[in-house]
Amino acid sequence: MTSSQVVLVVAVFLASSVEMVEALTIVVAAGVSRGWRSALEGVAAALVLLGILVAALGPVLVKVPLNPLRVVIGGILLVFGLQWLRKAVLRATGYKAPHDEDVIYARTVEEMSQSGEVRAGRDPVGFAVAFKGTFLEGLEVVIVVLTLGATDHDVGLAALAALAAVVLVGLVGVVVARQLAGVPENTMKTAVGLMLVSFGSFWTGEGLGVHWPGSDLAIPVLVGVYGLVVGLLVVSLRRSRVAGGVHAS
Amino acid sequence: MPPETTTQSAEATARGWPLRALRAFGHFWWDFLVGDTPEVTVATLVTLGIVVGLVHWVSSTAAWAVLPVLVAATLTATVLRGRRAS
Chain A
1 MTSSQVVLVV
11 AVFLASSVEM
21 VEALTIVVAA
31 GVSRGWRSAL
41 EGVAAALVLL
51 GILVAALGPV
61 LVKVPLNPLR
71 VVIGGILLVF
81 GLQWLRKAVL
91 RATGYKAPHD
101 EDVIYARTVE
111 EMSQSGEVRA
121 GRDPVGFAVA
131 FKGTFLEGLE
141 VVIVVLTLGA
151 TDHDVGLAAL
161 AALAAVVLVG
171 LVGVVVARQL
181 AGVPENTMKT
191 AVGLMLVSFG
201 SFWTGEGLGV
211 HWPGSDLAIP
221 VLVGVYGLVV
231 GLLVVSLRRS
241 RVAGGVHAS
Chain B
1 MPPETTTQSA
11 EATARGWPLR
21 ALRAFGHFWW
31 DFLVGDTPEV
41 TVATLVTLGI
51 VVGLVHWVSS
61 TAAWAVLPVL
71 VAATLTATVL
81 RGRRAS
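Protein chains in written order, with our numbering: chain A, 1 to 249; chain B, 1 to 86.
Chain A on its own, in the form it takes in the complex (with noise of 0.2 Å):
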């Protein structure tokens, strides 16, 4: 396994495992409220639309032109990344306020108990909330499972390292049903950031002409050297935050 594949299977486990404990978060609490048939048939109906999209868009994309793709898909990398990161940055300084399961799941229990009476069998609401909850965050794994594994013509190892994530998180769910909150997201989100702009930056340089020293063996200096970024600015904030005496939004 190259440099490259190795970096490739941590980038789509960990985003597939973010996505994937946000999903659960929802769907646990449109099942819980709402009873779980309905729940799970939404969870199941999403998943045969993403797989669907899958299906139709992978193999188109692994036939478009290298280069012009590794520019498109790294920009959208790159872009994506750098928001993953802002985000995690903000949150680690407590310039914004931490990703809380718990409080999603509580919210999405109260809106759904306000949402009239529960239907004997098929309940719409339940099924509608586990399903746009499945489907959005599977669209985001999908996304990424497809532009790391079409810049690296590997869809199959990508979708792979996803499924994994997908049972993995699935299982722990079952395990600890609505315990999500203690699962390190943020710490996880800038992994995952990381090597979003480590390949972004990658593949977009690649495909403009760019020869990078080394090699593949460029998108791990590439995470190092970004690394270094984020914990100077976390460091950084920190310090002013302490010194200016700002309280968290």
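Treat the hints as calculated values from the structure; they're not laboratory data.
The C-beta atom is built at its ideal place from N, Cα and C for all residues, glycine as well.
Don't take each hint at face value.
One-sided and incomplete, this derived list gives chain A residues near chain B with beta-carbon spacing under 7 Å [as the list claims (entries may be wrong)]:
1. Leu-50
2. Val-79
3. Leu-82
4. Arg-86
5. Leu-208
6. Gly-209
7. Trp-212
8. Gly-227
9. Val-229
Using the hints, position chain B against chain A.
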């Protein structure tokens, strides 16, 4: 509502779904790539433009050295903007 009006309304809704789907698709990508951080999208496009220029008119070495610096500068700028907005 009379049954005829209900049927007409349902037909109109059915006819409008491709437009709604297209709008939702566009909305998703706009949120995904721009959202509340347009500076990241703009800076990324500028970065790619600079890299193209460096590869064509200077050297590949200059391009690979400058690319991570510009990406790191974009991250720093957007984080500082986020701090001011908080």
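Query raised in the report: For which of the previously enumerated hints does the structure constitute a violation, in increasing order of number?
Result: Structure breaks hints 1 and 8.
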